[in-house]
Amino acid sequence: MDVFALFSARIGNAMQVLFPQAGADLLARIVVEPPRDPAHGDLSTNAAMVVAKPLGMNPREVANTLVEHFRHDADVTSVEVAGPGFINFRLAAPIWHQVLRSIAELGDDYGRSTLGQGEAVNIEYVSANPTGPMHVGHTRGAVFGDTLASLMAYSGYEVTREYYINDTGGQTITLGRSALLRYREALGETIEIPSGFYPGDYLIPVGQALAAEHGRSLLDMPEHEAALIAREKALAAMMDLIRADLAQLNIHHDVFFSERTLHGAGGDIELTLAWLREMGMIYEGRLEAPKGKTPDEWEDREQTLFRATDYGDDVDRPLIKSDGSYTYFAADIAYHRNKFLRGFKHMINVLGADHSGYVKRLQAATKAVSLNAADMDVRICQLVRLLKNGEPFKMSKRSGDLVTLADVVEEVGADATRFMLLYRRNDAAMDFDFAVVKEQTKDNPVFYVQYAHARTHSIFKTAARDLPALDVSRSALAAADIERIATPAELDLVRVLAAWPRTVAAAAVAHEPHRIAFYVHELAAAFHGFWAKGKDDPQLRFVNFDDPMLTLARLALVDAVRQVILNALAILGVSAPEELS
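Position 15 of the sequence shown, counting from 1, maps to 1131 under my numbering, and the rest follow consecutively.
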């Protein structure tokens, strides 16, 4: 049961009856949400303000008409006009009791919806160059993308998790040459790794595998041929390493798309450029030098350009370099046309902070290749600063200059890594303090939430110990006298539970999984707060020796808290332990 959706429908129906001249498009702009100040009520709507001006009426006049209508609703205890025309509602206790029954009935599906109506959405995330293990910068995007995928699947979308393998270009040649050095090292040579090569120890096993497979035969080949063989071995090994790193955070992709498949005769790039020419979307022309570039740094030449400005970009984009090879953007256009031809009209790309300049060009490419039938959202994950006790933290590294995903997970665990990387908006830089994440205190958000879940189980154990004759089975909880949940403190807790379906829907629409982390932390705080009140006031304790039926009703409330925390943590990919050591 979604209280907000329920009253949104009721208010919409009332507006149709009271103001039939208001069209469906106008009524669709009506919002029902919590008031900014909880003291003002349970729900607030802008309905009167939405329709007043188009109907030539005063907003408060419209609001008063709607207020009179809802004075007769048995589920509303009070309704009043506020400010320029907002309407605030206070709901009767039976509504909150229905919320508890809904949670008990739906279980894991409480908050799940058909919002996406089964529409296909492609979420591309991580897509790190396969030149080494995942580092902490990749980790944030990996967790964000994976959680967004879970959130949207929970909200009724058909989600495909995709990884774009950058397995062509200069960096892969450098990878092959770096692996070839490790091959020579495996054969007993003393090597020196030049600047610009990949120095990490993770290439040592690749060199050893090359030595075992080829013996000394690669030494007899021209270096560029041997480097190509080493590149293929290294790329395969790096993708295995990346998959293993991601698996430590329970991240698994449905599709690994090779950039290399776009190239070559008859490949997607060639086909896409031919299609763009046919559609008049590319032309031969010149570009002005970017700001700050001197004539020596900029090649003024006629070249093949994509009409990106026709689709919202700042400048038209080159597609072919002076040496005849394709630009990276040419591959990007072909890749996103490939996605569209695979049936994806909704695409989300998760990129790192150093790719913020790519947003408009990717959106322009998607509009062009889909003839405006597809949409593209680019989510940028900002940098992560590693701290310990508030000070910059230098971890021991096994991979050259990088702190790896494996380093972080080894230090704090998968649950803490995932939760903490989600406990801030993706577009805001964040501090990751290892000391805080490892504390078992309320200052550690992931511990605070997991402790709330463990506490729900502890309360049931207490009930079994103190009231052994009380049946607390699922069927007994479902039959509990929920109407006994009536104190303001209890109903406040139910109000937080009632916000879950709306939170999920809003997070899915906005592509903001951090809202789930924020919500479950708020729920944990509300639950811990109610538990603390019971320490001071015996009448608010969950287990009441003198009133087993009240105890059963409150255990149903506890079980509802347990269920919603479990649902939220499942979306976040974080475990829900029944007890903490």
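Be a bit skeptical, because a hint or two may be false.
Below, simulated DSS-like cross-link-like pairs (lysine-lysine); rule was C-alpha separation at most 25 Å, straight line [what the hints assert, rightly or not]:
id: 1; residue 1: K1461; residue 2: K1483
id: 2; residue 1: K1476; residue 2: K1409
id: 3; residue 1: K1409; residue 2: K1558
id: 4; residue 1: K1437; residue 2: K1461
Hints in this document: simulated from the structure, not taken from any laboratory.
Each hint, compared with the structure:
1. K1461 / K1483: This hinted pair holds, its Cα atoms lying about 10 Å apart.
2. K1476 / K1409: Distance of about 21 Å is within 25 Å: holds.
3. K1409 / K1558: It is violated: about 52 Å lies between the C-alpha atoms, which goes past 25 Å.
4. K1437 / K1461: violated, 30 Å
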